[in-house]
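Hints in hand, dock the two standalone chains.
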Amino acid sequence: MRVWLIFVIVGAGTLALRISIIALWSRLGQIPKSVERGLRFIPPAVLSALVLPSLAAPDGAITIGPRLAAGAVAFAVAWKTKNVLATIVVGMVALWAFQAL
Amino acid sequence: MSLLVFAGAAQLAALQLIGTNAPFVVVVGTALIINARFMMYSASLAPYFDGLGSGRKTLASYLLTDQAFAFSIRRFTEHDEPLSTRISYYFGAAVVLWITWQVSTAVGAIFGASIPARWSLDFAIPLVFIALLVPAIRDRSDGVAAAVAGTLAVLLAGLPYNLGLPLAATTGILAGTLTGRRSRP
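Respectively, the protein sequence lines represent chains A and B. Counting in the working numbering, the final residue of the first sequence is number 170, and the numbers go up one at a time with none missing. Counting in the working numbering, the final residue of the second sequence is number 264, and the numbers go up one at a time with none missing.
In isolation and in its complexed conformation, chain B is listed as follows (with noise of 0.2 Å):
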């Protein structure tokens, strides 16, 4: 699983569904709304990828996740590099976030059981998260979108299948389209 979707949130948040023997379309179109992000990750680092062969491309998606994206952006905004160099810092950080996915996700898969589960270390998952929300928070209309998908999730946490999770976060994004476009003259 770790080889075919490479995502991590999803990931769990599928496994999870599985459990619980969820339909079949609402694990997919749960896994895929959590990834729906790396749309916007694609769109982001796009023009910095133009140029580029499709393998290549092809390649540099496969290895897309939240880290790489917020490695790179931070070097290509404020480094203008050519392509090449660009490719290297890409991949270089990319493979590794790769390379620890899948060795970590092996050792918790033959250690994980004898974790005590008093050390709390599930915790670390929103931790993660906290510190990329933080930072993709940069306007008004943004913290309108968290708070609204934050809060209803909150709120929805009980219901069957994990469904408040697509729910607020669709809503989430809504709020924050609206908003945006009624702080636009």
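This is chain A alone, in the form it adopts within the complex (with noise of 0.2 Å):
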């Protein structure tokens, strides 16, 4: 039950999120400069936030592994190709390939 309210919750706020600007566009016209500066942020800082410690500290503690050297060679190759396939791929043959070492 509780579950539920959470998962109708979040839906609502995250369909909220997603139409926000869209829905006010026509009456807006254009974003304030102020309000675009902030948003621009949000993806950095929100995919780095998730990313960085599932690589550093997979169980909380901050561990140099297999999957901290895995993910940076997948930064390097979603550098260079800008692919996300190529990236998941040889990510996940490096983690395999560390985790044989």
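Don't read these hints as lab results, they were simulated from the structure. Fair warning: there could be bad hints in the mix.
On the chain B side, residues computed to face chain A include the following (Cβ under 8 Å) [unchecked claim]: (1) Met119; (2) Phe128; (3) Gly132; (4) Pro161; (5) Leu162; (6) Ala215; (7) Ala224; (8) Gly237; (9) Pro239.
Here are the simulated DMTMM-like pairs of lysine to aspartate or glutamate, each with C-alpha atoms no more than 20 Å apart in a straight line [claimed, not checked]: (10) Lys151/A <-> Asp218/B; (11) Lys149/A <-> Glu160/B; (12) Lys136/B <-> Glu160/B; (13) Lys151/A <-> Glu160/B; (14) Lys102/A <-> Asp218/B.
Even for Gly, the Cβ is constructed at its ideal location relative to N, Cα and C.
Below, the structure is given as structure tokens:
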């Protein structure tokens, strides 16, 4: 019951975030510069806060291990190729290789 | 949950927190902070969806994901096409992603437990986000936002209820805004 309430609230809140500017656009005409400047940092900050702990501290404590090494390889591939599939494939193979060492 | 929320990273974080009996506010707050990036996508796509009916705007918004955004913004900025073509392109990509996600989560719910943990398939999740993070860093202030958020998230990884994530993300956004302001004349 409590779990379903969470799903419904998160679902409604997420839809509100997604529709926000798309729906307001015809009234706004354009986005205020200050809002735009705040919004642009959300993806790099949130994605980085999601990614780095799963590489450098997969179990809560800082660990220099296969996941960090494979993550570094994946960063390099993403930077060079800008290709999602290549990043995933090379990253997975790198992880298996570092785990086998 | 996949039907209601349709956002992988937030779904995973919320489920982990529910598993540790985290307070209601923490679960909802964390999921919404992770999904705050959709507001930026909404702002970037808004001019290209101008003139669309409100029903279609709502449907397009529900289907908005990192990948749908990444595919369509590249197309829209490179090709100057009429609204109907843009919308067909967007819905084509977004609906395929939606179906894939729904089918995959159902398959995962049925067969997930039989995949050996030593395959480390969970590592595909950070890999997808690396592929999204790299193009999101376009200049120095984006880099500062990402570096501050990432470093802080690692240092705070031991905090209960994964509170390091929302703290690190908001600090990173703040750091980016401050850097952006200072480098401007």
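Results for each hint:
1. Interface hint at methionine 119/B: satisfied, since its Cβ lies 4 Å from the closest Cβ of chain A, which is below the 8 Å cut-off.
2. With its C-beta approaching chain A no nearer than about 5 Å, phenylalanine 128/B sits inside the 8 Å limit, and its interface hint holds.
3. Given the 8 Å rule on beta carbons, the hint for glycine 132/B is violated: about 11 Å separates it from the nearest Cβ of chain A.
4. For proline 161/B, the interface hint is violated, the least distance from its beta-carbon to any beta-carbon of chain A being 18 Å, above 8 Å.
5. A distance limit of 8 Å between C-beta atoms decides the matter here; for leucine 162/B the minimum to chain A is near 13 Å, and the interface restraint is violated.
6. Hint status for alanine 215/B: holds, given a least beta-carbon distance of 4 Å to chain A, under 8 Å.
7. Among the interface hints, the one on alanine 224/B holds; its C-beta lies about 4 Å from the nearest C-beta in chain A, closer than the 8 Å criterion.
8. Residue-level restraint check for glycine 237/B holds (minimum Cβ-Cβ distance to chain A is 5 Å; threshold 8 Å).
9. At about 10 Å, the closest approach between the beta carbon of proline 239/B and any beta carbon in chain A exceeds 8 Å, and the interface hint on this residue is violated.
10. A distance of roughly 16 Å separates the Cα atoms of lysine 151/A and aspartate 218/B; the hinted pair therefore holds under the 20 Å criterion.
11. Restraint check for lysine 149/A and glutamate 160/B: the C-alpha separation of about 29 Å exceeds 20 Å, so the hint is violated.
12. With a C-alpha separation of about 18 Å, the suggested pairing of lysine 136/B with glutamate 160/B holds against the 20 Å cut-off.
13. Pair hint lysine 151/A plus glutamate 160/B does not hold up; C-alpha atoms about 24 Å apart against a cutoff of 20 Å.
14. In summary, the hint linking lysine 102/A to aspartate 218/B is supported, as the alpha carbons are separated by about 17 Å, within the 20 Å threshold.
In terms of the numbered hints stated before, the structure departs from hints 3, 4, 5, 9, 11 and 13, listed from lowest to highest.
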